Amino acid sequence: MIKLQNVNKSYQLDDEVIFIALNNINLEIEQGEFTSIIGPSGSGKSTLMHIIGLLDQPTSGLIFINNKDVSKLNDNELSSLRNTFVGFVFQQFNLINKLTVLENILIPTIYTRSKLEFDPIEKARYLLKRFGLETKEKSFPNKISGGQQQRVAIARALIMTPQLILADEPTGNLDTKSGSEILKLLHELHEQEKMTVVIVTHDPNIAATTNRKIEIKDGKIQ
Amino acid sequence: MNHFTFVLKSAIEDFSRNKGRTFLTSLGIVIGVLSVVILIAFGLGLRKYINDQFQSLGSNLIRVVPGQILRSGGFSSTGSMTTIRFDFRDILKLERVKSAEFVIPIVTRSITVSMGKGTEPATLYASTADIFLALNLKAQHGGIFTKNDVDKRSKIAVIGPKIAVKLFGNEDAAIGKNIKIDSQTFKIEGVLEAKGGGGFGGPDLDSFIYMPHTTAQVFNPDKKFYAIIVKSKSDINIETAKQEVKTAMLKRYKEDDFSVIDQAELLGAIESIFGVMNTVLVAIAAVSLVVGGIGIMNIMYVTVTERIKEIGIRRALGARTSDILLQFLVESVALSVLGGLMGLGFAYLIVFFIQNFFPAYIDLNSVVLALGVSSVIGIVFGVFPAKKAANLSPIDAIRSE
Numbered sequence: 126m127i128k129l130q131n132v133n134k135s136y137q138l139d140d141e142v143i144f145i146a147l148n149n150i151n152l153e154i155e156q157g158e159f160t161s162i163i164g165p166s167g168s169g170k171s172t173l174m175h176i177i178g179l180l181d182q183p184t185s186g187l188i189f190i191n192n193k194d195v196s197k198l199n200d201n202e203l204s205s206l207r208n209t210f211v212g213f214v215f216q217q218f219n220l221i222n223k224l225t226v227l228e229n230i231l232i233p234t235i236y237t238r239s240k241l242e243f244d245p246i247e248k249a250r251y252l253l254k255r256f257g258l259e260t261k262e263k264s265f266p267n268k269i270s271g272g273q274q275q276r277v278a279i280a281r282a283l284i285m286t287p288q289l290i291l292a293d294e295p296t297g298n299l300d301t302k303s304g305s306e307i308l309k310l311l312h313e314l315h316e317q318e319k320m321t322v323v324i325v326t327h328d329p330n331i332a333a334t335t336n337r338k339i340e341i342k343d344g345k346i347q
Numbered sequence: 184m185n186h187f188t189f190v191l192k193s194a195i196e197d198f199s200r201n202k203g204r205t206f207l208t209s210l211g212i213v214i215g216v217l218s219v220v221i222l223i224a225f226g227l228g229l230r231k232y233i234n235d236q237f238q239s240l241g242s243n244l245i246r247v248v249p250g251q252i253l254r255s256g257g258f259s260s261t262g263s264m265t266t267i268r269f270d271f272r273d274i275l276k277l278e279r280v281k282s283a284e285f286v287i288p289i290v291t292r293s294i295t296v297s298m299g300k301g302t303e304p305a306t307l308y309a310s311t312a313d314i315f316l317a318l319n320l321k322a323q324h325g326g327i328f329t330k331n332d333v334d335k336r337s338k339i340a341v342i343g344p345k346i347a348v349k350l351f352g353n354e355d356a357a358i359g360k361n362i363k364i365d366s367q368t369f370k371i372e373g374v375l376e377a378k379g380g381g382g383f384g385g386p387d388l389d390s391f392i393y394m395p396h397t398t399a400q401v402f403n404p405d406k407k408f409y410a411i412i413v414k415s416k417s418d419i420n421i422e423t424a425k426q427e428v429k430t431a432m433l434k435r436y437k438e439d440d441f442s443v444i445d446q447a448e449l450l451g452a453i454e455s456i457f458g459v460m461n462t463v464l465v466a467i468a469a470v471s472l473v474v475g476g477i478g479i480m481n482i483m484y485v486t487v488t489e490r491i492k493e494i495g496i497r498r499a500l501g502a503r504t505s506d507i508l509l510q511f512l513v514e515s516v517a518l519s520v521l522g523g524l525m526g527l528g529f530a531y532l533i534v535f536f537i538q539n540f541f542p543a544y545i546d547l548n549s550v551v552l553a554l555g556v557s558s559v560i561g562i563v564f565g566v567f568p569a570k571k572a573a574n575l576s577p578i579d580a581i582r583s584e
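Residue numbers (our numbering), protein chains in the order written: chain A, 126 to 347; chain B, 184 to 584.
Be careful, since some hints might not be right.
As the list claims (entries may be wrong) - The calculated SDA-like cross-link candidates involving lysine to any residue, where the alpha carbons are at most 25 Å apart (straight line), are:
| # | chain 1 | residue 1 | chain 2 | residue 2 |
| --- | --- | --- | --- | --- |
| 1 | A | K319 | A | T286 |
| 2 | A | K240 | B | D506 |
| 3 | B | K571 | A | L203 |
| 4 | B | K571 | A | D200 |
| 5 | A | K223 | B | L207 |
| 6 | B | K570 | A | S205 |
| 7 | A | K223 | B | S576 |
| 8 | B | K492 | A | I269 |
| 9 | B | K192 | A | I269 |
Said to hold, decoys possible - Which bits of chain A does chain B cover? Going by a derived footprint, with three or more residues having C-beta under 8 Å, they are:
| # | segment |
| --- | --- |
| 10 | 176 to 187 |
| 11 | 197 to 204 |
| 12 | 231 to 241 |
It is worth saying that the hints were derived from the structure and are not from the lab.
The structure displayed is predicted, hence computed values, not measured ones.
Ideal Cβ positions, reconstructed from N, Cα and C, are used throughout, including at glycine.
Starting from the given sequences, assemble the full structure and let the hints guide the process.
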């Protein structure tokens, strides 16, 4: 489903120094996999996730999504792919605090250019109910717990029925109990709905629960 | 819900959460729109006021005055420089003009009227008995002077109601009393109906004192007239009448020595002066709209900086650069139109109170102008901050704290 070919990412820090974040990455993730990308901080795992999620572009190399080269797409086409193909779950939840829980979940539906095949509000309410948040529809994100916020974020990631869930340290800001609930939820999505899930983490215990582990260190896959 | 209505809704919700900030941000536009709309309302009121005044003066009047007072629609700056003054020969000549119904001479002077200890400034207006017909003047108490009075040089006066009230307490009490002008005594024959006017630089018709021009020769020993009014027959085109009057006058004077003008021309000239004045004032007021726009631009830049993270989140969820651009443009336009609406509201209130003593009014054009201009300001001053927001790279935006 996703293939990275000789992907490099480097940053020009100043006139002399170039920082190499990703060094010749070759990687393929198949449909229906539950994969973790694990590495210490500064290893390049976040950069890798941003490139897979089409938020960032590689300095060189090719990216294929469903066998289509997306390295040369323009901003509008990349935005559309982020909208429909990927669902992001962030460590910081990244909900918009001045919008209600329901409105946050609806954000991706307002940016889509194709006609939706579902009623967005109905689907958002279904997801809220499924995640036990049906009473929080009108709450604002900063008035609910971290675990609840992360479930709202997962609902938002799911509203467009993406092919890939990209979770960046999804439990990093949560206590152990909430963290394991979120992890359980991601596993359910994988098992019950055959969702492709990629988790980026530094925690070997979390990586151990996934089917496949990709270890990254100093910008290289080990 | 489409993107536009969603963005508009969230912008309005945002404003209602930050009422103070929203009000202060749009205050510049509020003041700008308020002053522009008020000044336009004053201009319209002034025009209406002048029009009404001219309407009340009667129609088909042609004025012959010395010098070139009108030139290409406005008052000439070199006007009234010539020293020619008309005399009775001109009156006789104009009376032979076919289209003239009657011809009256005008002698006018600023005077001081006294009665016992009280004195009042006034304007003396001396003419024939036809002056009352020409200017649509009617006596409220007593009577007016007649042709007989003119022939006999009767020492009588017909006075405006304001002068009557100032000197005698009420209009009625003035009849039959004597007034003194420059040690000459005149008996008050009548008090006229109120005409309104004055107070805005125009003549205060209610403070005029009318008397036969023959009587007024004591103030005007050389028997010259300041102006001549020709009333044209109502079935004759005013332009034809003017041409005939001009031809008659040219027999004696050079073309540059006198002007023949009608009400419409005079009105046009006055309107064009007030029009220019009003345009200048409105243009000055419009500067505050630009300042208001800069205020909005400033706050929009702050807003963009504050919300970089939000922009990143929206980009990660599929927002295009054009979506972000639209979002911030909608916000700045909404801010500015909100300011425009508030300014318009305040203007309505103020004009409502002003209408008690001046016929200012807000027309549809000012409403359209206020809203149009404030939307344009929202777009012009919102586009730079919005572009800044839209051009942020998604990854930099979402990584910012």
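Which numbered hints does this structure break?
Violated: none.
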